[in-house]
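J.: Chain by chain, the residues:
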Amino acid sequence: METNRPNRREFLKIAATTSGGLLLGFHWNDSSACAMEVLSNGDAIALADIPFNSYLSIAPDGIVTIFSPNPELGQNIKTSFPMIVAEELDADWSKVKVVQAALDTKKFERQLTGGSGAIPHSWERLRKAGATARHMLVEAAAKRLGLPAAAMTTGNGFVIHAETGRKLGYGELATEASSIPVPAEVKLKAIRDFKLIGTPVPNVDNLPMITGKPLYGIDFYREGMLHAMIQRPQAFGMKLKSVDSAAAKSMPGIVDVVTFKNNVAVVGKSTWQVSKARKALKIEYEREGNIESSPDHDKIFLDLLNGNEGVTVKRKDGDVDVAFANAAKVVTREYQCPFLPHNPMEPMNFFAHVREDGVELIGPTQTPDMARNETAKLLGLAPDKITLELTRLGGGFGRRLKADYVLEAAELSSIIKAPVKVIWTREDDMGGGSYRPAVRYRFSAALDAQGKLIGYRLRGVGINAGNTTREDNFPSGAVDNLLIETVEYKSPITTGAWRAPITNFLAFAEQSFLDEVAFEAKADPVKFRLELLEKAKQSPVGAIKYDIARMKGVIELAAEKSGWGTRKNVAQGFSVYFSHRSYVAQVADIEVKNGKPVLQKIH
Amino acid sequence: PTYSLKVNGRTYQADVEADTPLLWVLRDHLGLTGTKYGCGIAPCGACTVHLDDNAVRACVLPVAAVGTKIVTTIEGLSANGDHPVQKAWNETDVAQCGYCQAGQIMSAAALLKKNPAPTEDQIYTAMNGNICRCGTYHRIREAIVLASSKMK
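Going down the list, the protein sequences come from chains A and B.
Heads up: the first sequence is residues 21 to 623, going by my numbering.
Heads up: the second sequence is residues 8 to 159, going by my numbering.
It is worth saying that the hints were derived from the structure and are not from the lab.
Source: prediction; values computed, not measured.
One or more hints might be untrue.
[Stated by the list, open to error] Keeping only pairs whose Cα atoms sit at most 27 angstroms apart, straight-line, the calculated DSS-like set for lysine-lysine is:
| hint | chain 1 | residue 1 | chain 2 | residue 2 |
| --- | --- | --- | --- | --- |
| 1 | A | K281 | A | K259 |
| 2 | A | K187 | A | K215 |
| 3 | A | K542 | A | K588 |
| 4 | A | K117 | B | K94 |
| 5 | A | K289 | B | K13 |
| 6 | A | K215 | B | K94 |
| 7 | A | K115 | B | K94 |
| 8 | A | K302 | A | K281 |
| 9 | A | K547 | A | K588 |
| 10 | B | K120 | B | K76 |
Only chain B is shown next, with the shape it has when bound in the complex:
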């Protein structure tokens, strides 16, 4: 069937099977490869996107379940990479291999949208589902605090 998807302020049509995860629609069919495949079963967080304002795992979200909700991916978080979280990531030089960072940024952006001044514990809880194999966690937390200060 053909699905009409609102992604990053555009409307796309994708002719895919109903159980196709949003992740693979984005990557294989819409050419939006910023959203990463890491585990395919949700716990690693590399595929995190926003559905309306909520951080969700695109690898376990069937395209048929997206409906009219608005999808935002890393490519659509800002026009020029200047979302406060992206700026903070750049200034803090967070990334090592970088593969998980799109998911980390999307989780952080969703957190800060709901709670612009999170406590250390709230950051820890919100980011708990995003794995970084390189171990950049310290800088991720540092960057979130910096992004929070930029949003004030």
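Bound conformation, chain A alone:
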């Protein structure tokens, strides 16, 4: 069994000098229990538990264990997935124990967190998992009581025969139910019959979180485990030239200094010791490629906004050149977003133990399957030689979609032939992680004499961004003459998905622009948008990917709830956006204080 102690012998030594055995007993029991909850797969399940399917087992005492396969990083999947299973099972939620499942591609599909896709993908699977077990429990009860299954209902962990008032608990039926043939088809509940879904269920990890139990990858400790920090090049485009590690190696607690790829890893017995020794490394780097600066990027943005090189047309309706030539007024604005680190509160870390017979990986990742496959490739092993246990993630935001920090830990462990936890400092994360691609947008609007939008141009330039636009989103469909283009510049800076990729900043830029256009057109920003939507409805231009009625509804509701246009001495900004199946509108109340705008409230 795992413990959460760094070194058992060391701990015993410390504990022996304190108030004695009671403390020891208390702490060990306590920590074992936690480690079990956190890092459990098979081990955590009592032997008496009766498995029904990949998602659940039921113990004779009525405790239902529900496995939650997806990485939990604060999106609450560890609560919501089991709720879906429990709903169809008609379980007593107070008797549900939730266990984070380890990576298991035989049992689970799409075991990842990203793309806002977990519930849409698993909704039916989870419901069927619960409904199947419920069916088997009902059949078992019918058999035992010699009554027809059709006469049985379920509720709160019981199979009930209403006519005779007989009730059998799921626990007492579990053994018999598990031998009932698994039905090919099961009937799912009508949504109106949901009892648990739609109610505010507290996070299943609340108690361990508020009492400081070890839940996160960084909290994982094991006897004999080493700690490591890695010095990486301080700029993109640099490579390692030479390392003088003599001073670092002579420092207390340091076990080894290892170089691989562009990494210099300091391995030792404690986090503080390796962090101090890392500062004592003398490393020389040399240029491998171009080293880019922010002024370089500003120049690239302007060159690509003004030029014709590498431009991809994403959407073209009507003739924008004619519209702009005929415009009574042209409004042009630019918006720029820098590289942004994800900065999850829990810095990158991972535990790896590469042994002769297999590899053990434990830690926080949004993409366990990919992390395992890339590790397998790196080490030249079959993926099934690698186990990966999921801890809770102290935030992800897309940073933990990448497996770089998992691979580092695995490679280091394979070199030093020891279990090791690699941790990044905050500086490492800020300075060398992966970033949201930097982008710059130029929007232009052509207005006629009545202030009507007759032409719309958008060019987005992105550094490692792919498509910087969402060309079929609003206001496409509502403007007769429209041109949307994107240009990509490739940089050695590492970039990646960052919370609702692209749209997070595009929404701000586009909606700020529409407010500015409305201002220039002397139109009310809400009415301006509603008129565009009306135009898209009455005489649509090209295909669109948003629902006009829903967007209109959310605009009207936000305007109403925020008291749009009725507030004194407050300037208001409006925005509406469709992304990842959701329609969102916001109103910002801005007050001018001492000549400066101050955000008062966002509705």
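Got chain A; can you put chain B on it based on the hints?
T.: For chain B alone, kept in the frame of chain A given last:
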């Protein structure tokens, strides 16, 4: 050198270098991992513990500076997670990823110990040094108000 530390009502001995931050003594040497590493230079607040009754940042407090002061970590705030602040956090369902919340709770508990009925501004000021990347600030403030009402 060996340091004798009073943590959560117990006395521990830790043989570590003098400049080792209390944070890493707690985590690596005493196995108390509830106190989190977030930034290592104090502004994020994830490592907040109590030194006597004051909220301090354990990541910049060298173990040698602790002396005979009493250290309380999230694990020692209450025996069963039933400190009014913890109860309020649970009832308000504050946490998202949860990583910063131990620090948030320790800051809130220190505030309420000194000032059981803080104003909105006082809450804002006291909690200003605790960052939540998920953005749970509204619920944090709501939970502090709830905890305050529980302490009356």
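J.: So, for every hint listed, does it hold in this structure?
T.: Verification of the supplied hints:
no. : hint            : result
1   : A:K281 / A:K259 : holds (9 angstroms)
2   : A:K187 / A:K215 : holds (19 angstroms)
3   : A:K542 / A:K588 : holds (19 angstroms)
4   : A:K117 / B:K94  : holds (20 angstroms)
5   : A:K289 / B:K13  : holds (24 angstroms)
6   : A:K215 / B:K94  : holds (25 angstroms)
7   : A:K115 / B:K94  : holds (21 angstroms)
8   : A:K302 / A:K281 : holds (17 angstroms)
9   : A:K547 / A:K588 : holds (19 angstroms)
10  : B:K120 / B:K76  : holds (17 angstroms)
Violated hints are absent here; each numbered hint is respected by the structure.
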